[in-house]
Amino acid sequence: MNLAVKIEVDTATPALRQMLDMLGEEGRGEIVGAMGRRVVRDTSRHVSQWGLSHPNKLGGRRTNYWSGIAAKINPADTLQVDGGTATMTLGGPEMPGITRAFGEVTIVPGTKTPGAKYIPVPANASAYGLRPREIAGLVLFWKGKGQVGGLAQGVAVTRTKNTRKGPKGSKYFRPGLIMFWFADRVTQPQDRSILPSDQQWSDSANAGAAEWVNLQLKKLN
Amino acid sequence: MPSLAQTLSDARSDLPNSLGTADLRKLGANILRQSIFSARMSNATAVQAVREAITGVLSGVKGQSADNVAEARLKLKYIGQALSYDPASGFPGENAEPAEAGSLRDLFSTDRINLILKTQEMMTQGAAKNIWGNEPDALEEYPAWELVRVAAVEVPRGEKRTKAGLVDVPTDAWDSANGRWVAAARESGDGDALRIFEATGRMVARKDSPIWQALGDGAGGYDDCLGNDYEPFAFNSGMGREEVSAGEYEELGGDGRNVGQSGTDFGPDEVAVRKDRFDPDILKALKAGLESGDLKFRVRVEVTP
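If you're matching them up, the sequences are chains A and B in order.
The first sequence begins at 1 in our numbering and counts up one residue at a time.
The second sequence begins at 1001 in our numbering and counts up one residue at a time.
Worth double-checking, as some hints may not be accurate.
[Said to hold, decoys possible] With a straight-line Cα cutoff of 30 angstroms, these simulated DSSO-like cross-link-like pairs (lysine-lysine) come out:
hint : chain 1 : residue 1 : chain 2 : residue 2
1    : B       : K1163     : A       : K57
2    : A       : K165      : A       : K143
3    : A       : K145      : A       : K168
4    : A       : K219      : B       : K1284
5    : B       : K1284     : A       : K218
6    : B       : K1077     : A       : K117
7    : A       : K219      : B       : K1287
8    : B       : K1075     : A       : K117
9    : A       : K57       : B       : K1075
10   : A       : K161      : A       : K145
11   : B       : K1160     : B       : K1026
12   : A       : K57       : B       : K1160
13   : B       : K1296     : A       : K218
14   : A       : K143      : A       : K168
15   : B       : K1077     : A       : K57
16   : A       : K219      : B       : K1296
17   : A       : K171      : A       : K145
18   : B       : K1287     : A       : K218
19   : A       : K143      : A       : K171
Treat the hints as calculated values from the structure; they're not laboratory data.
Make the full structure from the sequences, and use the hints.
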């Protein structure tokens, strides 16, 4: 999914369009460029702040995922100015997750790791930002008959009697602190607040336009 | 088309080395800026793997979506195992200084790889920012940067973890009265930056101010800096820059006219600001209309699958 935020001179009010026509092609390009740049800057700032204000639910280590996304929202990579239109394009493989602003995102196992059947969901703050393979001594636990529940820290136990699985005195690991739940899919709900609202985008664009005009006037003084 | 940051990353050379952080710094910021490296990572294959991991984080690679640091880290750990890296002795035949397994000195520990990837990612994006932020239009419309927190860190500068818990260390903070920003402003002679900070608490300076290089050079005696005039300025700082528009800068009392390019190797050599291109009457009418709200641009949002 891609998201395009377009600032178009053609859709401006007739009075504005007339004035912009009088500025000529160069002026139109510059003013929408300035507006687009402001929209990009404010969007990047918004995403960065959104990330800072949304710590992991369990309070685990921060991966600063959104600061990486915010850095990618920059004029060089996301803004295109073509005649009277400035377009900021977000999404695509470089910004996974950002289009969650416009619809829920479902993650299924096996997309990135072929053969994977489950998605490990951190159950403990210390598991955040880690892959299960990075934590030593995890054991599977079951949540019901034949249903894998997830991974827990293994606790060493000595058998006190002979069983089918081993003789008395032998050791085995039973599940202790649960580190990951296994999910067959994870759906992240839509959250429009990841990105600025349409009104905020409009305000940014118009603030950019006003400032560009002021700048040009100042140059004349 | 690769992003600007990815293009910059691709242009950098691998720099396998057995040097510590302090010795690496002696090589000079120019060499480090153009290299992919990590202190004491002497194995060329490992450095190549770091390069691929950075590419994975910046742009995504097969089997890994962009910004998936965990997946990139796991791949690097596999490489470490494949190269028979041992924190106690380094790479085979290297006889390196022993490192505690899992510590920052362990080249393939979670914390070390996180630090490498995040630092390199931020440095690459920061270098790219110095290019797009130095375009003529950008300098004219956004003449200043503001230093802000962009990423969360466990112990921010200005705090220190002790047995008794976190304690304040104001001299190490970015934004304290005797911290890094003030030291850099004084050492670089940027009186405007100092005045704006004292009046508003905001760390704002012209893009061409020497304060940015001073921050990266550790002005005030800080030895954890990276030598660059762009983020993250110091290891694991979580700090970055945002553009400040001409109007905003003026409101803060700054003078954003005739800002030149910043002092790195990137960007144009000279920036010329053109004048007198538009009819002042039209500009005045536009200004009045936009300010009164009579004139308004519309923004269209399109979502395409």
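Structure-based check of each hint:
no.	hint	in the structure
1	K1163(B) / K57(A)	holds (26 angstroms)
2	K165(A) / K143(A)	holds (20 angstroms)
3	K145(A) / K168(A)	holds (26 angstroms)
4	K219(A) / K1284(B)	holds (13 angstroms)
5	K1284(B) / K218(A)	holds (11 angstroms)
6	K1077(B) / K117(A)	holds (22 angstroms)
7	K219(A) / K1287(B)	holds (14 angstroms)
8	K1075(B) / K117(A)	holds (20 angstroms)
9	K57(A) / K1075(B)	holds (26 angstroms)
10	K161(A) / K145(A)	holds (24 angstroms)
11	K1160(B) / K1026(B)	holds (27 angstroms)
12	K57(A) / K1160(B)	holds (25 angstroms)
13	K1296(B) / K218(A)	holds (22 angstroms)
14	K143(A) / K168(A)	holds (26 angstroms)
15	K1077(B) / K57(A)	holds (27 angstroms)
16	K219(A) / K1296(B)	holds (23 angstroms)
17	K171(A) / K145(A)	holds (24 angstroms)
18	K1287(B) / K218(A)	holds (12 angstroms)
19	K143(A) / K171(A)	holds (23 angstroms)
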